[in-house]
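Quick mapping for you: the protein sequence lines, in order, are chains U and D.
By the working numbering, the letter at position 74 of the first sequence is numbered 74, and the numbering carries on one by one without gaps.
Add 258 to a position in the second sequence, counting from 1, and you land on the number used in the working numbering.
Note that these hints are calculated values from the structure, not bench results.
Hints are all accurate, no fakes.
Below, a sample of chain D positions facing chain U; criterion: calculated Cβ distance under 7 Å: (1) D279; (2) L280; (3) D281; (4) D311.
Computed cross-link-like contacts, SDA-like style, restricted to lysine to any residue with a CA-CA straight-line distance of at most 20 Å: (5) U:K231 to D:R342; (6) U:K156 to U:D135; (7) U:K156 to D:A340; (8) U:K231 to D:M347; (9) U:K231 to D:R349; (10) U:K114 to D:M347; (11) U:K231 to U:R116; (12) U:K231 to D:G343; (13) D:K326 to D:T271; (14) U:K156 to D:E308; (15) U:K231 to D:R351; (16) D:K326 to D:R351; (17) U:K114 to U:L194; (18) U:K231 to D:E352; (19) U:K231 to D:A340.
Because the structure is a prediction, the values reported are computed rather than measured.
Glycine is no exception: its CB is placed at the ideal position from the N, C-alpha and C atoms.
What follows is each chain in one-letter form.
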Amino acid sequence: MADQTSAAPASLQVYRYTAGADRVEAVIGTLEPELPQEDLVAHASEALERETFMCYAVSQPDDFVADELCFVPQGDTCDILSIRTNGWERHHGDHRRSLVEILNNLAAAVACGKLRILDPDQLASDVELGRTVVDFEMADTAELQRAREAVDDVLKQAGLDDINRQRTILCISEAVTNMLLHGGGHGRMTVRRLGDRLRFIVADQGPGLSFLNWIEPPSKGGQASMGYGYKIILDYLDAVALHTGPDGTTLLLDRLIN
Amino acid sequence: MLRTSIAQGPAPTVYLAGEMDLDCADSLREAVTEAARGAQMVALDFAGVEFIDSSGTGIFVRLALDLKSQGTPLVARNLSPAVRGVFDMLRVRELVGDEVFPD
Numbered sequence: 001m002a003d004q005t006s007a008a009p010a011s012l013q014v015y016r017y018t019a020g021a022d023r024v025e026a027v028i029g030t031l032e033p034e035l036p037q038e039d040l041v042a043h044a045s046e047a048l049e050r051e052t053f054m055c056y057a058v059s060q061p062d063d064f065v066a067d068e069l070c071f072v073p074q075g076d077t078c079d080i081l082s083i084r085t086n087g088w089e090r091h092h093g094d095h096r097r098s099l100v101e102i103l104n105n106l107a108a109a110v111a112c113g114k115l116r117i118l119d120p121d122q123l124a125s126d127v128e129l130g131r132t133v134v135d136f137e138m139a140d141t142a143e144l145q146r147a148r149e150a151v152d153d154v155l156k157q158a159g160l161d162d163i164n165r166q167r168t169i170l171c172i173s174e175a176v177t178n179m180l181l182h183g184g185g186h187g188r189m190t191v192r193r194l195g196d197r198l199r200f201i202v203a204d205q206g207p208g209l210s211f212l213n214w215i216e217p218p219s220k221g222g223q224a225s226m227g228y229g230y231k232i233i234l235d236y237l238d239a240v241a242l243h244t245g246p247d248g249t250t251l252l253l254d255r256l257i258n
Numbered sequence: 259m260l261r262t263s264i265a266q267g268p269a270p271t272v273y274l275a276g277e278m279d280l281d282c283a284d285s286l287r288e289a290v291t292e293a294a295r296g297a298q299m300v301a302l303d304f305a306g307v308e309f310i311d312s313s314g315t316g317i318f319v320r321l322a323l324d325l326k327s328q329g330t331p332l333v334a335r336n337l338s339p340a341v342r343g344v345f346d347m348l349r350v351r352e353l354v355g356d357e358v359f360p361d
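The following block holds chain U by itself, in its conformation from the complex (with noise of 0.2 Å):
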């Protein structure tokens, strides 16, 4: 087990069985050699079996480098979702408490269907669905109320509700904001309208989401880092896609217009 997973406060992977395969893969993070691969296989074709969310309490952590594992079968593949909490939530206060509780939203929102975690060939094709309506490179902190102002006008021409539209707007703001903070500084963000939906793609070609930096303010002007922007997004969106790696990190933004 890598000394930066261990030294972290709490970390999430995420692996991909296949049904009949003879492993299961790393979506999110990377597969340990160590990792029991048959008892990962037996568990996830389990799940597929019988179309259902399997979620336990790991007994033996270091085995499986996870306190929690949670499969999540969709058609022929089934997600596992590895969350490991360093003990910290036995051990500190309420704000290191949360990031738990961060990675356990995101756990339920891929069983509930709400998160998709997108391997590169499934990202390669969303990413070009629809037809493109804003486009543009973002690489500051300054540039976030003038994000904030294109959403703002393509939700007013779309038509949507006021309540949904400061909805949608903070939470692309909240992505932005993640992708300028730990997305290597520079991305870009696009809006596509596809069929009855609008998809906002903020994408990044920084290291990949660790999921370990949420937890420890920037040290950017010192300011409290929430972590919370992934809960506003997964309570207020549609639909989200995720894809992380070391090729950087991207998200597909849901709103439905129709």
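We have chain U already, so just place chain D on it with the hints.
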């Protein structure tokens, strides 16, 4: 962009106007630090805040906790429904204490 103005006195008020996001950290901290100098308490008036996200909220939380530890309590007034909604969602009251919201 966040604009600030200060009504001085033993219990000064910092009036906020505009948008509170990651970009407002420096201007907000500077205004509150200036207002808090020699003050018994500081009030933040949110009436002019048109937008706030979790980063803006985090900056407010950190300021409130910092001032509390320095013995200069901070109170927040005139929250719009939009600001209140974000604060409720992020459970700000639990983080900073009920006394910050006398209204």
